[in-house]
Structure formats: structure tokens, C-alpha cells
Amino acid sequence: MSLAAIRTEPTPPEAVRWTLPGARSLDAVNELVTAPLYERQLWSWKAWWLAAALSGALTAGFLVAVYVVFTRGIGVWGVNTSTVWGFAIADYVWWIGIGNAGTLISSMLLLMRQKWRASTNRFAEAMTLFAATIAGIFPIIHLGRPMYFYWLTPYPNTMTVWPQWRSALIWDFWAILSYILFSLIFWYVGLIPDLATMRDRARSKFAATAYGAFALGWRGSARHWQAYETLHLALACLGVPLVVSLHSVVGMDFAASLMPGWQETIFPPYFVVGAMYSGFAMVVCLAAMVRWGFRQEGLITIAHFDVMAKVMLMASIVMGLSYATEWFNAWYGGDRPDRSLVIFEFTGSYAPMFWALLFCNVIAPQAFWIAAVRRSVVAVFVVSILINIGMWLERILIVWNTLSHGYLPSMWRLFIPTVWDWLTTIGSLGLFVLMFLVFVRFIPAISMHEVRKLVDEEGS
Amino acid sequence: MTALLLAQFAESARFVEAARRAKSADYRLVDAFTPFPVQAVHELLDQRRSHIRVVMFIAGITTAALAYGLEYFSAVIDYPYNSGGRPLDAWPAFMLVPFATGILLAAIAGFATFLIECGLPRLHYALFAVEGFEHASQDQFILALEKPAGDGELQRALDFFRGAGAVAIREVDT
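If you read the sequences in order, they're chains A and B.
Just so you know, we're using our numbering here: the first sequence kicks off at 8 and counts up by one.
Just so you know, we're using our numbering here: the second sequence kicks off at 282 and counts up by one.
Just so you know, the hints here were simulated from the structure itself, not pulled from any lab data.
Every value quoted in this text rests on a predicted model; they were computed, and no experiment measured them.
A hint or two may mislead.
Said to hold, decoys possible - The following label-pair restraints were derived from C-beta to C-beta distances:
#1 Tyr406/B x Arg47/A: 26 to 32 Å
#2 Ala310/A x Thr283/B: 29 to 35 Å
#3 Val445/A x Ala321/B: 37 to 43 Å
Claimed, not checked - If we take Cβ atoms under 8 Å as the criterion, some of the chain A residues that face chain B in the derived model are:
#4 Trp181
#5 Ala220
#6 Leu238
#7 Arg459
Note that beta-carbon positions come from the ideal geometry of N, C-alpha and C, so glycine has one too.
Please model the entire structure based on the sequences and the hints provided.
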């Protein structure tokens with residue numbers, strides 16, 4: 008072999024391992040995932056109970072806030088005749104964004120054969136389900152007359168009227184409804200083989216019966232797996248366009264209007280990227296929690312945080328570009344209201360929040376260029392929290408800035424949140440955490456059968 | 282009543298190899314029970330093709346067409362509403378509902394077909410009572426084949442699978 012040939016000989020890249028050596032056997036995977044559910048005494052559940060108590064209290068607060076809104080009307084919020092949308096719509100967009108990432112992780116990464124999704128997709132899908140459900144509540148409580156929400160459905164009625172199919176509200180209704188039910192099916196199908204594992208490892212008759220009933224009698228036969236794989240892949244193929252359409256519709260809620268800062272063709276893709284971004288950040292937070300709480304270091308490794316940080320870094324750049332495109336278009340288009348709005352964003356009453364948004368969404372994630380940051384769970388966790396805050400600020404400001412600074416200067420008016428605004432927002436976070444805690448307490452948080460396959464492929 | 286022989290393996294590589302050799306030795310493979318899909322063995326078993334995708338496609342397209350039909354009927358025929366001369370059949374605005382409902386119904390139909398093709402739900406299955414079968418959903422691989430007739434053939438089969446690395450071989454009547 009010549010010297011040149013030796014130099015150009017490609018060195019086989021070191022295969023990335025997605026599990027630690029201790030977890031590289033089928034039995035170890037089963038043990039790691041089911042132990043928190045079946046050998047509870049080994050875990051201190053103090054943190055769980057503490058979190059459950061706190062999130063339970065916040066959920067109660069959420070119910071109180073919703074009760075007050077239902078009985079006294081949306082006037083209890085800070086909304087006014089100019090800023091007609093407030094926290095509720097921003098929260099809706101934020102939650103539905105988080106609700107996007109589970110399906111993205113499951114479907115898109117499955118189609119792209121990214122093996123690392125195996126240990127994260129289960130709780131990411133659960134997150135999707137809970138977040139999308141919470142998101143669905145917000146437009147209803149914002150309706151003003153929530154008891155008539157079923158008017159959104161086409162049904163034979165004595166008023167002889169039909170839904171207005173051209174309305175973004177109708178699109179929202181169908182998109183969210185389809186998405187929640189679709190996510191439920193997708194999640195449950197993936198869960199069936201694991202419920203069978205739970206059934207077969209059960210220590211009590213009650214557990215065996217309960218898990219057995221939901222496992223539907225799954226026995227892992229060749230026929231079962233073949234049908235499972237066909238269905239799962241087909242659902243993944245449908246999931247990607249559905250999730251993209253869902254957040255595009257949310258973007259069109261704004262873009263279909265004629266307001267400065269909203270009527271932009273960039274909105275649908277910009278919202279989809281934003282959704283993936285905030286959703287990934289939430290998945291990272293949940294992954295860190297599951298890893299720490301259930302000692303899953305063997306299955307959720309540093310390499311997972313590393314790769315998710317890279318995805319967020321990419322998304323942060325796209326977000327930065329989207330913001331810049333908005334500003335450029337406002338200047339280049341030359342419309343006075345548009346230009347005035349951008350100046351208001353940078354210098355107006357909400358400017359500190361806007362600068363915070365830019366820091367959280369665009370500047371902070373640049374730390375992920377450094378490998379040491381990507382490989383530090385604490386650092387990735389902190390940046391992810393910042394991204395979640397930043398994305399919430401972004402949604403709030405999309406609503407506030409435009410509505411507070413529309414075409415007519417005489418109509419300019421700020422939004423001042425009330426205690427009921429805050430309680431609805433923070434309470435919904437409590438509801439989400441509570442649902443997630445219940446989920447990890449009863450259902451294997453990591454997809455065992457997918458990790459088993461991964462472990463088998465990676466070898467011991 | 283079918284008499285089966287269940288050969289249980291602890292490692293996927295041995296299981297696949299045993300299944301291959303059993304197939305070429307003309308043992309009649311009936312089924313395989315595994316903790317995750319093992320494509321190589323599935324190919325050895327003569328399985329019917331799944332119709333899930335066809336059903337999903339038909340369900341999705343039909344639902345989308347019906348949803349668009351409903352929109353058209355309500356907006357053009359039953360309750361035409363002229364708002365500033367905009368077209369009654371505003372198809373770009375009408376696309377989302379057929380799209381979303383089409384995907385939803387495709388998923389529901391796919392799930393239903395999946396259950397039918399798998400014969401689920403079926404909470405009681407004869408093999409569940411077999412000792413060691415619970416490992417098929419956890420960490421072991423089970424190959425089911427027709428029990429050879431005659432003591433000599435049976436003994437040869439037992440020796441064959443023991444030689445192939447089976448950790449347990451059980452005779453079952455279902």
C-alpha cells in the first residue's frame with residue numbers, strides 16, 4: 008500500500024453507542040425500565056410526592072381560574088378592546104408547540120432511522136398528548152361563550168346554519184382534534200408490546216390483569232410484529248405531515264389576518280420550527296428528570312443530550328433567521344405600520360421582554376457550539392429552560408406587540424396581565440406536570456421493546 | 282388440537298441461525314415469539330401480507346372526499362353566503378379539514394385492521410399457560426414448529442434444537 012493510499016484510507020468512525028455497557032442486555036433493559044414501577048421500595052418517592060403535591064395545588068389553581076373565567080367572563084383577564092387576545096392564546100400556541108415535538112421525535116426520527124430516539128420517544132409522545140390536550144382547552148376558555156364550542160362541528164341543527172369553513176377557528180378545531188386522537192393512537196400502538204412485558208413481569212394478580220387488559224393479549228408472534236411494524240411506520244409517515252399542518256394552521260390563525268406583523272407568508276414554517284424548538288427543549292427537561300428520578304443513566308446517556316443540543320442549536324439559528332427575515336421585510340416592504348411595529352418591538356413598552364426573548368432563543372443556545380456544554384446535562388437543562396421561557400415570551404409578544412400597536416395610534420393600548428391570567432398559565436403548567444407524574448408512575452417511561460432491539464443491534 | 286414444539290433461545294443470533302437451519306432441514310415452522318421484531322425470522326415464516334396500508338389509504342381518501350363533500354354541500358348548496366363576492370367553493374381554505382380528518386380516519390382504520398389481523402384483543406391464549414412463555418415478551422426467543430410425528434423423528438428434532446443452542450424445548454398441545 009502506498010503512502011498516499013494509507014493517508015486517504017478512511018478510518019471507520021467510532022460507532023456511537025446509545026446505551027451504557029451495564030444496560031446492554033435484554034434483561035438489563037427490562038429491569039431498568041420496570042424496576043421503578045415494580046420495585047418501588049428501592050426508590051425514594053419523596054421527590055415524586057413533593058412534585059405531585061405542588062403540581063396538584065397548581066392544577067387546583069387552574070381549575071379555580073377556569074371556574075372564574077367561566078362564571079365571570081374573560082373580562083377578568085387583562086384583555087381589552089385593542090389587545091383582544093392575551094395569555095390564553097399565547098399559552099395555546101406555546102402548548103401546541105410543545106405538543107409537536109413528541110410526534111416529530113417519533114415519526115421524523117423513525118423515518119430517518121435515528122436510533123437514539125428509542126429511549127426518548129415514549130415520554131416525548133406522552134408529553135405531546137398532555138400538552139396538546141392542555142392546548143385544546145385554551146381556545147375554548149377564550150371563547151367567551153364556551154358552552155357553545157360545539158357549534159364548531161357540523162351537525163344538523165334547528166338554526167339551519169353551518170360552520171364557517173373559511174375561519175381559522177374551524178381549522179384549529181379540526182387540526183387539534185385530529186392531532187390529539189392521532190397522537191393517542193400512535194402512542195398506544197407503541198405501548199402495547201411494553202404493556203405485555205409489564206403483564207409478564209407483574210408481581211401481583213391485579214397488576215397482571217390491569218396491564219394484561221391494556222396489552223390486549225399481545226404475544227409478540229411474528230404476525231403481531233409484522234402488523235405492528237407496518238402500522239407503526241404508516242402512522243409515522245402520516246404523523247409528519249399532520250404535525251406540520253397542525254402548527255402551520257396555528258401560524259395561519261395569525262397570518263390569515265390583516266394586522267401588521269402577522270400577515271406574513273413566513274408564519275406557517277416559522278411556527279413549525281418554533282414548535283419543534285420549544286418541544287425539543289421540553290423533551291430535554293423531561294429526559295433529564297426521568298434520567299435523574301429513575302436513575303436511567305444507562306439508557307438516557309450523555310450522547311442523547313449531545314445530539315438533542317445539536318438539534319436545538321440548528322433550530323435556534325433558523326429562529327434567528329426567521330426573526331431577521333421579519334425585520335428585513337418590514338423595512339424592505341416600506342409599510343409604515345410594519346416599520347413602526349418593529350421599532351416598537353425593540354424600543355416600546357415590551358422591549359425588555361423582547362430582548363430577553365432574543366437572548367433566550369438566539370444567543371443562549373449558541374453555547375451548544377462548545378462540546379463540553381452539550382455534554383453537560385446541567386448546562387443543556389439550563390439552556391432548555393431558557394429556550395422554553397424564550398419561546399413563551401415569543402408567543403406572548405407576537406400577540407401583544409401587534410395588537411397593542413396596530414394601524415390606528417388612537418387604538419394603541421397595552422396588555423396588563425391580571426392574577427387570573429397568571430393563574431391560568433402557571434396552573435396549566437401544574438396540570439401538565441401532574442399528568443406526566445401519573446404517567447411515569449404507571450406506565451414504562453422508556454420504550455422497552457425499541458431499546459431491546461437497539462441493544463441487540465449494538466451487541467453486548 | 283395442534284401439537285407444537287417450542288424451542289426457546291436466549292440469544293437472537295442463535296435463534297436466527299436455528300430458524301434458518303430448521304427451515305432448510307424441512308421442519309415446519311409455525312410461528313416465532315420474540316421480545317422485539319426479528320426480520321430475518323419473519324421472512325422464513327410464510328406470512329400473509331398485511332393489508333393495513335391499503336385499508337388506511339382507502340379510509341383516508343374516502344374520509345377526505347366526504348369531508349370536502351360536506352364543506353361543498355354546506356357552503357355552496359345548502360347555505361350559500363355571498364361575502365364580498367368571494368367564491369362559494371373556496372377550495373384552498375377548505376383543504377385543511379379533509380386533510381386532518383383523512384389522516385385521523387386512516388389512523389383509526391389502520392388500528393382497527395391491525396387488531397383484526399393480529400386477532401386481538403384476545404386475553405386468553407393457550408400458550409400463555411406454557412412455562413417460560415412469559416420470557417418471549419422480555420428476553421428470550423421462541424420458535425414454534427409442528428411436532429414431528431413418531432418417536433424417532435421427535436428425538437432427532439430435540440437433538441437438533443439442543444445442538445442449535447436452545448435453552449429449553451417444550452412439547453405443547455394446543
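We went through each hint and held it up to the structure:
1. Tyr406/B x Arg47/A: 26 to 32 Å: 30 Å, holds
2. Ala310/A x Thr283/B: 29 to 35 Å: 47 Å, violated
3. Val445/A x Ala321/B: 37 to 43 Å: 39 Å, holds
4. Trp181: Since the shortest Cβ distance to chain B is 5 Å, the answer is holds.
5. Ala220: 7 Å, holds
6. Leu238: Holds: closest Cβ of chain B sits about 5 Å from leucine 238/A, inside 8 Å.
7. Arg459: 5 Å, holds
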